[in-house]
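Asks: Next come the chains, spelled out residue by residue.
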Amino acid sequence: MTDAKYSQCRIVPARFLKPETAERLLNGIVRVEGVRRIVVNGPRLPATVPYGPARGKPNPHTDRKVIHVGDQDVELQVQAGMIILEIMDDSCIPELRKVCDEVFTDLSYVLEEGRFMKASPSLTDYAKYGPDADMEIVGLVDPRRNDRPVIIQGLK
Amino acid sequence: MVYKPQYGPGTSLVAENRRKYMNPEYKLEKIRDVSDEDIVMILGHRAPGSAYPTAHPPLAEQQEPDCPVRKLVTPTDGAKAGDRVRYIQFADSMFFAPAQPYLRTYLEMYRHRGIDPGTLSGRQIVECRERDLEQYSKELVNTELFDSARVGIRGATVHGHSLRLREDGMMFDMLQRCILDTDGVVKYVKDQIGEALDRAVPVGKPMDEKWLKAHTTIFHSLGGVAYRDDTEYIEYVQRIHSLRTKYGFMPVEK
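First to last, the sequence lines map onto chains A and B.
The numbering of the first sequence is my numbering, which starts it at 55 and goes up by one.
The numbering of the second sequence is my numbering, which starts it at 129 and goes up by one.
One chain only, chain A, in its complex shape (with noise of 0.2 Å):
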């Protein structure tokens, strides 16, 4: 969950983005001094047919797959479509900028400051963990997954 002292602020692309500029976009906001969170947000793309009379079917997807982060593996799920960011103070922010010109030469994007950021559980979030959630990952990861958020140590 968000912490109110931390700056927040998101990259919203005019088009969804390819699991390779996501990567390269990813690699460079990380490199960035002062990101605390990265969230990738954007629709879901399921490993099963959700719907309809394929229901449970495999659904196989080009853009859903691994990218690599700083020195970590991470499982695309979604189209990423925009990255939420916490940061450590707003002075980072025309570095981000720099990033995201470096990444969209032929797309336009919008690097927004707000908060954008979950900053209380919600009935979901205590439907699954209880009331002794662990606020390390509301916020961050879908509540209805077991997923665990991804932790970027190092840069490689």
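These are calculated hints, taken from the structure and not from any lab test.
The beta carbon of each residue, even a glycine, is placed where N, CA and C say it ideally should be.
Don't take every hint at face value.
[Unchecked claim] Derived CB-CB ranges, DEER-like:
1. B:E157 <-> A:K119: 33 to 43 Å
2. B:G246 <-> A:M142: 25 to 35 Å
3. B:G312 <-> A:K119: 20 to 30 Å
4. B:H348 <-> A:K119: 28 to 38 Å
5. A:I205 <-> B:T310: 28 to 38 Å
6. B:K155 <-> A:R98: 51 to 61 Å
7. A:E156 <-> B:H348: 24 to 34 Å
8. A:Q131 <-> B:Q190: 45 to 55 Å
9. B:D296 <-> A:P112: 21 to 31 Å
10. A:P112 <-> B:T310: 36 to 46 Å
Fit chain B to the known structure of chain A by using the hints.
Replies: Chain B only, in chain A's frame:
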């Protein structure tokens, strides 16, 4: 005086396109050639080349009740043969797709017989007898009403019409039924409900932005024709809205 349908108000290009597509006398421009077999594969209702399963015996073989309406209405080929009722469903991107759900229903009602369309905000389904469906689908896919990137044939999990496009210009599809191949041609790799096909079905190259903006039937204030710029359209819609509200209270037009 002979009634001449006007199809719709508006002075903009979007309004003009809407009228054009609805008018059954206007011949839709054919821009691609997807074969019958390919259409059958995308629809996924029967195996290509197999016989049409039936819901009832052919009309010629069964005793019809003495009904004046049945004497007036000529059955379609599918109804005559007793075909099952099957469907095709489209999702149209709001980024200048050539058609949109309401227009699809209007134009199908003007152009086709024996159909049952269902109109929703982001998708439009049309049901009819199977062999009629294949014939109508071919027209809907092969003509200017379809663009391979901005229109999707999606039986289930249609989400994507109001989302941003993907980087390659394709409308988002959770099931990725079609892919933009390296040769620039869009190919369906799954049928409309998301089951994998035995082979990829090409549906042509995506049309360019200029063509899309010239053929779209969607008002869009960012980059296209803004709805508010078509004053005649606004006036007409406001009049309808006003009348249907007032008529509930006192059906007199002043």
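Asks: Does the Cβ distance between D296 of chain B and P112 of chain A fall inside 21 to 31 Å?
Replies: Once the Cβ atoms are compared, 23 Å apart, the range 21 to 31 Å for P112 of chain A and D296 of chain B holds.
Asks: Given a hinted range of 28 to 38 Å, is it respected by the beta-carbon distance of H348 of chain B and K119 of chain A?
Replies: Holds, at about 32 Å.
Asks: Taking 25 to 35 Å as the stated bounds, is the beta-carbon spacing between G246 of chain B and M142 of chain A within them?
Replies: The hint (25 to 35 Å, Cβ to Cβ) is violated, given that G246 of chain B and M142 of chain A are roughly 52 Å apart.
Asks: Between K155 of chain B and R98 of chain A, does the C-beta distance stay in 51 to 61 Å?
Replies: This hint is violated: roughly 42 Å between Cβ atoms.
Asks: With 36 to 46 Å as the target window, see if P112 of chain A and T310 of chain B comply at their CB atoms.
Replies: The hinted range 36 to 46 Å is violated for P112 of chain A and T310 of chain B, with Cβ atoms some 24 Å apart.
Asks: Confirm or reject the claim that E157 of chain B and K119 of chain A have a C-beta distance inside 33 to 43 Å.
Replies: Given about 39 Å between the Cβ atoms, the range holds.
Asks: With respect to the beta-carbon atoms only, verify the hint that E156 of chain A and H348 of chain B lie 24 to 34 Å apart.
Replies: 30 Å Cβ-Cβ, so the 24 to 34 Å window holds.
Asks: Do Q131 of chain A and Q190 of chain B keep their Cβ atoms within the hinted range of 45 to 55 Å?
Replies: 53 Å, holds
Asks: Mind checking the hinted window 20 to 30 Å against the Cβ distance between G312 of chain B and K119 of chain A?
Replies: 23 Å, holds
Asks: Given the hint of 28 to 38 Å, check if I205 of chain A and T310 of chain B actually sit that far apart at their C-beta atoms.
Replies: 37 Å, holds
When the structure is compared with the earlier hints, violations turn up for hints 2, 6, 10 and for no others.
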